[in-house]
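Given the structure of chain A, go ahead and fit chain B onto it with the hints provided.
Residue numbers (the working numbering), protein chains in the order written: chain A, 71 to 493; chain B, 71 to 493.
Source of the hints: derived by calculation from the structure; they are not laboratory data.
There could be a bad hint or two in this list.
Since copy identity is lost for identical chains, a pair holds within one copy or between any two.
[Claimed, not checked] No more than 25 Å apart at the CA atoms, straight line, and that leaves these computed lysine to any residue pairs for SDA-like:
1) K86 x T330
2) K186 x S417
3) K227 x L244
4) K98 x D131
5) K293 x R213
6) K272 x V304
7) K227 x I433
8) K185 x A285
9) K227 x F435
10) K86 x Q97
11) K293 x D80
12) K227 x W462
13) K86 x Q233
14) K86 x E232
15) K317 x D303
16) K369 x G429
17) K369 x T193
18) K98 x D390
19) K227 x D80
20) K241 x Q364
21) K98 x I201
22) K185 x E225
23) K185 x T445
24) K186 x S261
25) K227 x T84
26) K86 x P223
27) K251 x R167
28) K86 x L398
Take a look at the letters that make up each chain.
Protein chains: 2
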Amino acid sequence: MRIEVICTGDEVLTGKIVNTNFSYITQKLEDVGLAVQWETTVGDDRENLLLAFRLAGQRADAVIVNGGLGPTIDDLSQEIAAQAAGVGLALNEEWLRTMEEFFRRRSRVMPPNNKKQAMLPTTAEVIDNPIGTACGFALDIGRARFFFTPGVPRELKRMLEEQIIPRLLAKSGLQTAIHLKRFHSYGLGESHVDALLTDVDKLVPDGSVKLGFRAHYPQLETKLTVRGRDMDDVRVKLAPVEREVRKRLGNFIMAEDEQTLEGVILSALTARQGSLAVVETFTSGQIAARFAHQPGAEKVFRRGVVARDLGEIFAAVGLDGDPPEGELTRETAEAVAQAARRRTGASHALAVLIALDDGPDRIDFGGTICLAIATADGAESRRSRILGGREWVRLGATEMGLDCLRRYLQGLPVAERIDFEKT
Amino acid sequence: MRIEVICTGDEVLTGKIVNTNFSYITQKLEDVGLAVQWETTVGDDRENLLLAFRLAGQRADAVIVNGGLGPTIDDLSQEIAAQAAGVGLALNEEWLRTMEEFFRRRSRVMPPNNKKQAMLPTTAEVIDNPIGTACGFALDIGRARFFFTPGVPRELKRMLEEQIIPRLLAKSGLQTAIHLKRFHSYGLGESHVDALLTDVDKLVPDGSVKLGFRAHYPQLETKLTVRGRDMDDVRVKLAPVEREVRKRLGNFIMAEDEQTLEGVILSALTARQGSLAVVETFTSGQIAARFAHQPGAEKVFRRGVVARDLGEIFAAVGLDGDPPEGELTRETAEAVAQAARRRTGASHALAVLIALDDGPDRIDFGGTICLAIATADGAESRRSRILGGREWVRLGATEMGLDCLRRYLQGLPVAERIDFEKT
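Okay, chain A solo, but in the shape it has when bound (with noise of 0.2 Å):
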């Protein structure tokens, strides 16, 4: 089944907004088996907008149009559907009436100008949107089905998932159960991964799983895409794979499908009514920040020291005396992490040193990281070299800090070697 994509609006088109709807859109589409081969996007411009959907007609079998469903001047998807499927517009009452009563529950009455949200080609299929006053649609243009979305984020994603998404996959013939795990981890690169976790899909015999990735360094996520005759056949074939997965990728695992690392130790620290302090340098803060910010943080985070110079983190956790002259060690790192516990009483304390080479920003620009974890029980810690410029370092220290934070808490060894440091 050929399936293309056509992205509409000024926006987009001219690099106001970057299309981030598009890669949703894909990505979605690819979990569940489905592939996008094609995608276009014009402007809200009556001509291009006939000759995209003219086209698409022609070529492919299903066709996700997104954008253009508004109340403005400039949204025409309703009209340039309508004209290239040779049909007209009419009122549809059903909408009108939903579309009221929405405004009503807020207390609002409607404006004329969204009366023009519910005028549909006379062939469309109303698609419907729980969360907001655009209507989508689908209908035939050439020989392609035409699934009409909007343009404001949370309206597209519920309607895919909840509306085309199945209608796609009944369209395609593909068997309509269909599950995506996701592992998350950090330290491995994507080629490493797929090496490690080779012929894992070939466990399921008939080709039901299939083993993707998607690296957005310092974090790589391993997607396993299962398709069934039913939810338990699903969980049957899902089963092996992912525990080999579990098995062959171990202590890299952070965490899975909608977890995230500072999620993971955030409820692992609530579990044992635990408490943090984190002490940074050139990170800067970003270690507090991606931790501290979360619901139910404020119970467990107990404060962030950031400072750039050592002798003021000295004073900051109140350690006597000058830091140690020369290279930076893990020693010191775990002087600091145990001052911090002691000086603010939290259960856990974090610590990231890192001292940054000399020079201008270059690709091989590098920071040796040492890192410890204290608790009343002692200190571990590792040091650690990372390369690629100083954004590099700082993304790299910063999720290492976490993920060995996690290690800790999750009783594995905190110091693992990695494929993004140097020796």
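Just chain B now, kept in the frame of chain A:
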């Protein structure tokens, strides 16, 4: 002149990466007065690439193609370009030598598969890539001039700005002296600024100054694109408009052109040999993270303190006793900033305290912000309330804290009513 863009590559088509190259290209073209009419994304697929090239070659005057110039087997741009143009491929000896030299300078031997990058359509005009091995080129397909660019963002940027935009401007017949002047502001919404700047572009009656905006909450970018015979002409035209924008937006302009808010603050503090301490609550380290990592900030940033609990803040800055009961006040923020300054010895201290609403995140979730800036001369403070969900409050408070510090350092009133706050 009709311009189209074709983005190629499975990673973009499947959404593994968000297509920021396209928004970059189209913005850059907008900035010099050129408009993109149509964008197409296709994968690393011979049939779709050929069709995309042919269709664009029928419709457009100029086409920018991005990606597919690499050394691997799925990089197809040269091959399909030659096919679409009806010409052959030939080894470009000069580019081969350029690549060999590229590797030699890095003390490496060129891998054999890189030779593919020097195979160009016989009618191609080489477009230099001074920082990579992907050779840019231009040739005619159908009625359009095609420009082929690398997918690596920094290589694309350099080639677009130095090589392709001048060629497009020459082809379009537009005057080629063009300048983009940018103002960055915080606190006024796009429609408000648009109203404030009504007819500012009319100060130059010949239409050669164009006003535009780019909103990325909480900042707004106001852009003036000026065209002229030469740069002297551009400067003459820009001067009165620039003056008027500064007059009308006044204290709200926090940075211009390549400047950033945090960079402006760093320069102002560096110039007076000042130093900075920051105290944060719900912003969770985000204020420190914006500032303290900058090159040069190691000399200026003294210390950051983060806590979610006001009692913990008091302890961290050395204030005796418990925080006052009841509503958060400006006086408390002033006391915290003063104490932070005393404790750290910094010349300036910024305290941004936030009382969050209760309950789960929602669209009207809000926070009350009390912030203060303290120096040896005393303290200034402001109180504000921002609604719009947890993340909106966090971003807004971070920006407000930094912008008030900027205002203080520039001798401007710290508190001026902004569009994002409720009273």
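Homomeric proximity label, K227 with T84: Cα distance no greater than 25 Å: both (23 Å within a copy, 17 Å between copies)
Same-copy or cross-copy closeness of K98 to I201 [CA-CA at most 25 Å]: within (20 Å within a copy, 36 Å between copies)
Copy assignment of K86 with Q97, given that the CA separation must stay at most 25 Å: Classified as both: same-chain Cα gap 22 Å, cross-chain 7 Å, threshold 25 Å.
Same-copy or cross-copy closeness of K317 to D303 [CA-CA at most 25 Å]: For K317 and D303, only the intra-copy Cα distance (22 Å) is at most 25 Å; the inter-copy one is 68 Å.
Copy assignment of K227 with L244, given that the CA separation must stay at most 25 Å: within (21 Å within a copy, 42 Å between copies)
Within, between, both or neither: K186, S417 at alpha-carbon 25 Å: neither (59 Å within a copy, 59 Å between copies)
Intra/inter-copy verdict for K251 and R167 if alpha-carbon distance must be at most 25 Å: neither (40 Å within a copy, 48 Å between copies)
Intra/inter-copy verdict for K227 and D80 if alpha-carbon distance must be at most 25 Å: both (21 Å within a copy, 22 Å between copies)
Intra- versus inter-copy proximity for T445 and K185 (alpha-carbon distance at most 25 Å): neither (63 Å within a copy, 57 Å between copies)
Intra- versus inter-copy proximity for P223 and K86 (alpha-carbon distance at most 25 Å): Answer is both; intra-copy 16 Å and inter-copy 18 Å each pass.
Up to 25 Å CA-CA - G429 versus K369, copy category: between (41 Å within a copy, 15 Å between copies)
Identical-chain pair category, K86 with Q233, by Cα at 25 Å: Between copies only: 23 Å across, 29 Å inside.
Consistency note: the structure conflicts with the earlier hints numbered 2, 5, 8, 17, 18, 20, 23, 27 and 28.
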